[in-house]
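**Q** Got chain A sorted already, so can you dock chains B and C onto it with the hints?
Residue numbers (the working numbering), protein chains in the order written: chain A, 15 to 312; chain B, 6 to 293; chain C, 8 to 356.
Some hints here could point you the wrong way.
[To be verified] Here are some chain A residues pointing at chain C (derived, C-beta under 8 Å):
(1) N66
(2) H68
(3) W70
(4) R109
(5) A118
(6) M119
(7) A120
(8) E122
(9) Y131
(10) N136
(11) P137
(12) I138
(13) S170
(14) R171
Don't read these hints as lab results, they were simulated from the structure.
All C-beta atoms, glycine included, are put in the ideal place defined by N, C-alpha and C.
Chain by chain, the residues run as shown.
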Amino acid sequence: MENNQIDSKVSETIRPTITAKVEIPLQRSKLHTEDLQVDKMVKSESGLETRNVHAWFDKHHALADISLHFPKNTVTGLIGPSGCGKSTFLRLLNRMHEFIPRAAMAGEVLYAGNDIYDPGVNPIDIRRRIGMVFQKPNPFPAMNIGENVVAGLKLSRVKTSNKEALIEECLTRAGLWKEVKDRLGSAGGSLSGGQQQRLCIARALALNPEVLLLDEPCSALDPGSTLRVEETIVQLSATMTIIVVTHNMQQAARVSDYCAFFLSDGGPGQLVEADLTTNIFSHPSDTRTADYVQGRFG
Amino acid sequence: MVVLAAIGGFLLYRGFEIFKDFGFSFITGSKWDIGNAEDTSTAILGIGAMLFGSVITAIIAVVISVPFAVATALLIEFYVPKWFKTILISVLDLVAALPSVVFGIWGYAVLLPLVENWSKTIEHYLGWIPIFNVPSGIFGRSPFLAGLLLGLMIVPIITSVAREVYSQAPRDLIDAASALGGTRWGALRAVVLPFGRSGLVGGTMLGLGRALGETVAVYLTLNLVFQVNFKILASAGGNVASLIATKFGEATEYELKALMAAGLVLFLVTLLVNFGATIIVNKSRKIV
Amino acid sequence: MSVVIETMPPVPTQPWRNSKAQGMRNFLAIVLALICGGVINRVTGLSGFLGLFVGTAFLFPVFVAFANINRGANVVVDRIASAVIAVAFIAVTIPWLSIFITVFRKGSEAFHSSYLTDDMRITPSGDDLQYGGIAHAIVGTMLMVLVATVISVPFGIIAAIYIVEVKGRFASLIRFLVQAMSGVPSIVAGLFVYSTVVTFFGGFSAWAGAIALSILMLPTVARTSEEVLKLVSVDLRTSSSALGATQARTVFTIVIPTVASGLITAAVLGVARVVGETAPLILTSSYFVATSRNLNEPIASLPIYIFSSLGLGDQNATARAWGGAMVLLGLVFFLFLLTRLFSSRIKRK
Numbered sequence: 015m016e017n018n019q020i021d022s023k024v025s026e027t028i029r030p031t032i033t034a035k036v037e038i039p040l041q042r043s044k045l046h047t048e049d050l051q052v053d054k055m056v057k058s059e060s061g062l063e064t065r066n067v068h069a070w071f072d073k074h075h076a077l078a079d080i081s082l083h084f085p086k087n088t089v090t091g092l093i094g095p096s097g098c099g100k101s102t103f104l105r106l107l108n109r110m111h112e113f114i115p116r117a118a119m120a121g122e123v124l125y126a127g128n129d130i131y132d133p134g135v136n137p138i139d140i141r142r143r144i145g146m147v148f149q150k151p152n153p154f155p156a157m158n159i160g161e162n163v164v165a166g167l168k169l170s171r172v173k174t175s176n177k178e179a180l181i182e183e184c185l186t187r188a189g190l191w192k193e194v195k196d197r198l199g200s201a202g203g204s205l206s207g208g209q210q211q212r213l214c215i216a217r218a219l220a221l222n223p224e225v226l227l228l229d230e231p232c233s234a235l236d237p238g239s240t241l242r243v244e245e246t247i248v249q250l251s252a253t254m255t256i257i258v259v260t261h262n263m264q265q266a267a268r269v270s271d272y273c274a275f276f277l278s279d280g281g282p283g284q285l286v287e288a289d290l291t292t293n294i295f296s297h298p299s300d301t302r303t304a305d306y307v308q309g310r311f312g
Numbered sequence: 006m007v008v009l010a011a012i013g014g015f016l017l018y019r020g021f022e023i024f025k026d027f028g029f030s031f032i033t034g035s036k037w038d039i040g041n042a043e044d045t046s047t048a049i050l051g052i053g054a055m056l057f058g059s060v061i062t063a064i065i066a067v068v069i070s071v072p073f074a075v076a077t078a079l080l081i082e083f084y085v086p087k088w089f090k091t092i093l094i095s096v097l098d099l100v101a102a103l104p105s106v107v108f109g110i111w112g113y114a115v116l117l118p119l120v121e122n123w124s125k126t127i128e129h130y131l132g133w134i135p136i137f138n139v140p141s142g143i144f145g146r147s148p149f150l151a152g153l154l155l156g157l158m159i160v161p162i163i164t165s166v167a168r169e170v171y172s173q174a175p176r177d178l179i180d181a182a183s184a185l186g187g188t189r190w191g192a193l194r195a196v197v198l199p200f201g202r203s204g205l206v207g208g209t210m211l212g213l214g215r216a217l218g219e220t221v222a223v224y225l226t227l228n229l230v231f232q233v234n235f236k237i238l239a240s241a242g243g244n245v246a247s248l249i250a251t252k253f254g255e256a257t258e259y260e261l262k263a264l265m266a267a268g269l270v271l272f273l274v275t276l277l278v279n280f281g282a283t284i285i286v287n288k289s290r291k292i293v
Numbered sequence: 008m009s010v011v012i013e014t015m016p017p018v019p020t021q022p023w024r025n026s027k028a029q030g031m032r033n034f035l036a037i038v039l040a041l042i043c044g045g046v047i048n049r050v051t052g053l054s055g056f057l058g059l060f061v062g063t064a065f066l067f068p069v070f071v072a073f074a075n076i077n078r079g080a081n082v083v084v085d086r087i088a089s090a091v092i093a094v095a096f097i098a099v100t101i102p103w104l105s106i107f108i109t110v111f112r113k114g115s116e117a118f119h120s121s122y123l124t125d126d127m128r129i130t131p132s133g134d135d136l137q138y139g140g141i142a143h144a145i146v147g148t149m150l151m152v153l154v155a156t157v158i159s160v161p162f163g164i165i166a167a168i169y170i171v172e173v174k175g176r177f178a179s180l181i182r183f184l185v186q187a188m189s190g191v192p193s194i195v196a197g198l199f200v201y202s203t204v205v206t207f208f209g210g211f212s213a214w215a216g217a218i219a220l221s222i223l224m225l226p227t228v229a230r231t232s233e234e235v236l237k238l239v240s241v242d243l244r245t246s247s248s249a250l251g252a253t254q255a256r257t258v259f260t261i262v263i264p265t266v267a268s269g270l271i272t273a274a275v276l277g278v279a280r281v282v283g284e285t286a287p288l289i290l291t292s293s294y295f296v297a298t299s300r301n302l303n304e305p306i307a308s309l310p311i312y313i314f315s316s317l318g319l320g321d322q323n324a325t326a327r328a329w330g331g332a333m334v335l336l337g338l339v340f341f342l343f344l345l346t347r348l349f350s351s352r353i354k355r356k
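Same shape as in the complex, but just chain A:
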């Protein structure tokens, strides 16, 4: 009896020890101390947090033991070579992971203090609050620009009183309004690649998400368009939490406040180091991070 009590106590207090298994307790705690100040102010809606998250595809262990905290209204860059599980991790954050047949996971993803994988949680609500933009710009071909922006409302059956105002607001926030305001009726496919990607961002914004996930949003774009999208990301971070997967070190340095470096040594992808972006690029504590950010592999 007594033993049991101790057991449960231990297992509760032990949590930090488990997270410390990430082999880099120092870096992680640094990240925590950094956002402690933020946390005090907005404790109730403190961004997004993962605890000991694993991912599998069938038998293949793709991602091991990721514990990260994404403070509110910051940009976090997820960097690392291909195949290290960055995108898988990103898809875990808004429950897109489960669309892959025979995928599985373990651990907790906390959003506003609740695990988004709790049985009572409606995944559709989660995806509405945690928006996502993909690698390839993908406006819906059967809809025009305006319809694309409000497609999410239609999909999730949300009513809005003033569609026009919402379209304008979202396109403005995505930095696209001036370019397209005179041709909202034309097809989304008629825009350039960079404009299409910002249209996709506007589309995600229409549902007014608090978190925005971007999966290599610029990898299909030319440098000019990339810059425009990056500007948009920085502007948006004033009002929302943004997590962006990128292969481009300069981009990570330009847009992100924090960086998390993922790496796979043939086994499941792991978190090597997470810290302020400036620290990651100037004096990373892990030699592998240093090698990667200086372009020695990957």
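**A** Showing chains B and C alone in chain A's frame:
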């Protein structure tokens, strides 16, 4: 190609006299009377009623089969696990290969009594709508029965074309719809159905072509009566193909020529439908 | 103690799976729909198995909606759509199953020990079912299909080779025509052969039937061969050409042997397509009651046997028709299994 040209050519050659004698009224007229066997000028031949029968049974078939084909295609592609999907695709191919005579005898023996009952019920409640009205009181081998049977025959055809097109719907668009808070059905409606629309139209036209040209199944389930019958529950109708099969046995030489001409009309109509279908299906494949 | 917890491996879970409670509710929806369907079945005119199905089919989506009512309008619509799709699918499979079951049940009535070896030479169709058989029809069908195969397979494969390998100027045109040709109504093919072969050579014959069948077979063979030939990797061809082989040699020594089983599949599919064709045979090979191997004479065939027995209206004749349908169905099924066997072999390569 040679064969196609030869088919058209020979049927035209054989049926030419008929077209010369009757002109356009061969297609619009709905009377089939060979008159005096010795004197061909007494004959009045027109396939209007049969053409109408072909079209109405084919339309009934398409209207019935398309929703079921779409549902089946969606189920196979998006709702069932992979092992079950392979089985279902095999079953679909098998049913598409079932001989029409088997469909026909089943339609005659099993479907006919059922449909007769349904028709009576429909007439009882909806008889005030002209197409459901049956003044003769004779149900049975009606355009509705033939159309229903044809519908069952073309479901596998439409389903496999639709399924193939749906399977090519871009994954990233489906993901995007899901990420915007769409349910599975929401994503299917917003992405997959619009994407597959032209392919579905093409597949439907392929099915339409098959339904227009079907002989034996219609022969067994539709009462050959020479009248334009739009009362689809009444036991009267026929289609061009079954006309040929029915009249062929005891036809006079002149009537045979008329049957050739009818065959030519059927040939041209189905060729047109199939050309259209092929173009549309090929186009929808190219988009990808 | 902390060691124990630390070394505990993480367990893969799928928290998105329907919870047990939700699964129970969905199951309850089916059961309730069935019960209510049953009640309606008893009390109203919707009787019999089909009535039960119709009642249940309409109620099931409604109950599913109630089972998910606590999960928001969006989910409810999604669940209703799933339920409707499932119901529509089941509705489609019922007639298919019914066809197989009916043919098997009624067909086995006509079966007796020498059914497959006797013919109808001395047996009137209305005679007792233990006399007579369908040997003549089987032999006739086999003969005509064999001749049709010999005619159409070479042409079909040549057309496919022209489209895929030679890529001649008319490749896309031929491809288009082959596709369009596959839609030619079978009775039109029959009429064509009647107007040519039958009228020129004086009367119905197995030859005429075989030619009509080969016209219908050709597009199937050509299209399937085309698909198969496309599967042969370009590498294989280039490496052969690099060895100095001409294109014709490459095709005949490398490509064709590699895809041999695929081409056989094409032929078998073609056979499956025409083995049950009825309409063209009415106009070409007609019917004959005795077993015959003479290709210049009218000949029996399975579809016509079914068709003509059915036309007699006699009870025993109708039973014979079902027997023929069962044999025909078995034949199609067998051919179908054969194609699966071959195509799975291709994939393994």
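**Q** Each hint: holds or not?
**A** So, going through the hints one by one against the coordinates:
1. Hint status for A:N66 relative to chain C: holds, with the closest Cβ pair at about 7 Å, below 8 Å.
2. Annotation: A:H68 was flagged as interfacial toward chain C, and the flag holds, the nearest CB pair being 5 Å apart, inside 8 Å.
3. Proximity of A:W70 to chain C holds as hinted, the smallest CB-CB distance being about 5 Å (cut-off 8 Å).
4. Residue-level restraint check for A:R109 holds (minimum Cβ-Cβ distance to chain C is 7 Å; threshold 8 Å).
5. Taking 8 Å as the C-beta cut-off, the interface hint given for A:A118 holds, the closest approach to chain C being about 4 Å.
6. A cut of 8 Å between beta carbons decides the hint on A:M119: the least distance to chain C is about 7 Å, and the hint holds.
7. Hint status for A:A120 relative to chain C: holds, with the closest Cβ pair at about 4 Å, below 8 Å.
8. Checking A:E122 against chain C by beta carbon gives a least distance of about 10 Å; that is not within 8 Å, so the hint is violated.
9. Against a cut-off of 8 Å between C-beta atoms, the interface hint on A:Y131 holds, since the closest Cβ of chain C lies about 4 Å away.
10. A distance limit of 8 Å between C-beta atoms decides the matter here; for A:N136 the minimum to chain C is near 6 Å, and the interface restraint holds.
11. Interface restraint check: A:P137 against chain C, minimum CB-CB distance 6 Å, threshold 8 Å, status holds.
12. At about 6 Å, the closest approach between the beta carbon of A:I138 and any beta carbon in chain C falls short of 8 Å, and the interface hint on this residue holds.
13. Checking A:S170 against chain C by beta carbon gives a least distance of about 6 Å; that is within 8 Å, so the hint holds.
14. Because the smallest distance between the Cβ of A:R171 and any Cβ of chain C comes to about 5 Å, under 8 Å, the interface hint for this residue holds.
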